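Going line by line, the protein sequences match chains V and Y.
Numbering (the numbering used here) for the first sequence: 6 to 240.
Numbering (the numbering used here) for the second sequence: 15 to 290.
What the hints contain is simulated information worked out from the structure, not anything from laboratory work.
The structure displayed is predicted, hence computed values, not measured ones.
All C-beta atoms, glycine included, are put in the ideal place defined by N, C-alpha and C.
Derived coverage of chain Y by chain V (criterion: at least 3 residues anywhere in the stretch with Cβ under 8 Å from a Cβ of chain V; other residues may be distant):
id	segment
1	179-186
2	221-235
Listed next, with one range per pair, are the computed distances between beta-carbon atoms:
id	chain 1	residue 1	chain 2	residue 2	range
3	V	176	Y	139	53 to 61 Å
4	Y	139	V	61	50 to 58 Å
5	V	113	Y	99	31 to 39 Å
Below, simulated BS3-like cross-link-like pairs (lysine-lysine); rule was C-alpha separation at most 27 Å, straight line:
id	chain 1	residue 1	chain 2	residue 2
6	Y	52	V	52
7	Y	52	V	132
8	V	233	V	221
9	V	221	V	52
10	Y	52	V	58
11	V	200	V	233
Now for the letters of each chain:
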Amino acid sequence: MALIACEDVSFAYDEGVVVSNLNFAVEPGDYLCVVGENGTGKTTLMKGLLRLKQPRGGRIRFGEGLGPGQIGYLPQQMAAPQDFPASVWEVALSGRRSARGLRPFYTRQDVRAAEEALRRMGVLDFKRRCYRELSAGQRQRVLLCRALCAAGRLLLLDEPASGLDPLAAQDFYRLVKELNREAGLTVVMISHDVKAAVGSASHILHLAHQQLFFGKTEDYLNTDAAHKLLGGASC
Amino acid sequence: MLNLLLEMLSYPFLVRAMAVGLLVSLCASLLGVSMVLKRYSMIGDGLSHVGFGALATASALGLAPLSVSIPVVVVAAFLLLRISENSGIKGDAAIAVISTGALAVGVITVSLTTGLNADVHNYLFGSILAMSGADAVLSLALSGAVLALYLLFYNSIFAVTFDEGFARATGAPAGLYNMVIALLTAITIVLGMRMMGALLISSLIIFPALSAMRLCRTFRSVVWCSAGVSVACFLAGIMLSYRFSLPTGASIVAVNIAVLLMFSFIGRLRGRTAKA
Numbered sequence: 006m007a008l009i010a011c012e013d014v015s016f017a018y019d020e021g022v023v024v025s026n027l028n029f030a031v032e033p034g035d036y037l038c039v040v041g042e043n044g045t046g047k048t049t050l051m052k053g054l055l056r057l058k059q060p061r062g063g064r065i066r067f068g069e070g071l072g073p074g075q076i077g078y079l080p081q082q083m084a085a086p087q088d089f090p091a092s093v094w095e096v097a098l099s100g101r102r103s104a105r106g107l108r109p110f111y112t113r114q115d116v117r118a119a120e121e122a123l124r125r126m127g128v129l130d131f132k133r134r135c136y137r138e139l140s141a142g143q144r145q146r147v148l149l150c151r152a153l154c155a156a157g158r159l160l161l162l163d164e165p166a167s168g169l170d171p172l173a174a175q176d177f178y179r180l181v182k183e184l185n186r187e188a189g190l191t192v193v194m195i196s197h198d199v200k201a202a203v204g205s206a207s208h209i210l211h212l213a214h215q216q217l218f219f220g221k222t223e224d225y226l227n228t229d230a231a232h233k234l235l236g237g238a239s240c
Numbered sequence: 015m016l017n018l019l020l021e022m023l024s025y026p027f028l029v030r031a032m033a034v035g036l037l038v039s040l041c042a043s044l045l046g047v048s049m050v051l052k053r054y055s056m057i058g059d060g061l062s063h064v065g066f067g068a069l070a071t072a073s074a075l076g077l078a079p080l081s082v083s084i085p086v087v088v089v090a091a092f093l094l095l096r097i098s099e100n101s102g103i104k105g106d107a108a109i110a111v112i113s114t115g116a117l118a119v120g121v122i123t124v125s126l127t128t129g130l131n132a133d134v135h136n137y138l139f140g141s142i143l144a145m146s147g148a149d150a151v152l153s154l155a156l157s158g159a160v161l162a163l164y165l166l167f168y169n170s171i172f173a174v175t176f177d178e179g180f181a182r183a184t185g186a187p188a189g190l191y192n193m194v195i196a197l198l199t200a201i202t203i204v205l206g207m208r209m210m211g212a213l214l215i216s217s218l219i220i221f222p223a224l225s226a227m228r229l230c231r232t233f234r235s236v237v238w239c240s241a242g243v244s245v246a247c248f249l250a251g252i253m254l255s256y257r258f259s260l261p262t263g264a265s266i267v268a269v270n271i272a273v274l275l276m277f278s279f280i281g282r283l284r285g286r287t288a289k290a
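Just chain V, same shape as in the assembly:
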């Protein structure tokens, strides 16, 4: 059974419909990249998947047991102010918060999960460092750790590499790919970096206020939409 299935889904704000006719499914283990120009409904779709926004029409079905506590999320822009005092450890551990439900304190299990995430992302040495003093690439890794701590099965990433320099971005995409391949996490990522997207994703969803394409990455490369976005560059 699909982890997420969208049937004729549309989203609208007061100003009107942002995106409509969404029909796609994410299977366990998929790596779906959502591409498209700015303002074509990518982030709105993400909010829908996070159940922060109700669809105007259609239905989003979630696979069995995929509650909000099973989803890890990496936001587009870090909402916390630049001067926020927090250690890497505090940030990563806070990913476990939602899974704890009403229990107020973290258990040894939470601590172990956070340590494991930090080790996997190669930032365990920074555990005691102050989050705001890290480089943009390191910070993004820490946020990925937090998302991992929250993610049982599904990782949602919203433009995770914006604001990173090309090298750090590459590095970041590699980490996500590893998580998908080795840890078997399902990944849904929004990106305007189409080249990077086709380089690592198994499926592509191309949005332009409606669904231009959904399918395997290999098939996507042969479409007109892909040629236009890729600017004729061969991959």
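Based on the hints, put chain Y in the right spot on chain V.
Using the frame of chain V, we list chain Y on its own:
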């Protein structure tokens, strides 16, 4: 200095004031970290003005001041929180409207009933004599409850302060946590208001957190440091005020200013050596 402290402790009214003051300072400094980081400092200030209105009206009508003003301020806190979350209305303007509005209502009630007298002066700038025995018991119980709730919600408060979007996205009841912060802040403000005064109470929330953030780099250490600073400043302030017959609230704020300046200076020095 110890003699001074012992001398102060021989007055029952001062013991009451110090016990309540210490606990309230502690609550204020803990909540202050979240309020400052969430950019809610002005909400604290607005709430104290609402508290003044409620306190003035309650005592004009001959009602128990604490039990009337706490619910009023709690409601105001929820309202202000709603408003600042709603991007449609400018949050800072709404806070100014509510706080000056409440101030005006308070002043009118007072001048219609007792006239602008020493009582009003005490509401605005605080008085150490305001605390009766029954008030002190209620205040101690409530601030104990605030501390306990803060501890229970500590991890959630961190999550919702650091990144509310993430907390919401992963299914945490962020709205509930915000309301807990608002509720605790409202109670703390009303409890501290009569000693510190409506015009000065928000300093108890803002100053210690700001000072701590000059030096500390993790959330937990900021919270601890803020608590320490707040308690120390309260003790120093109340002793100053006793020794030199100064207004208590203002003395505590003055000590807080000195600490903030000192911590900023040390923070700067540290920053410079770290970069060099």
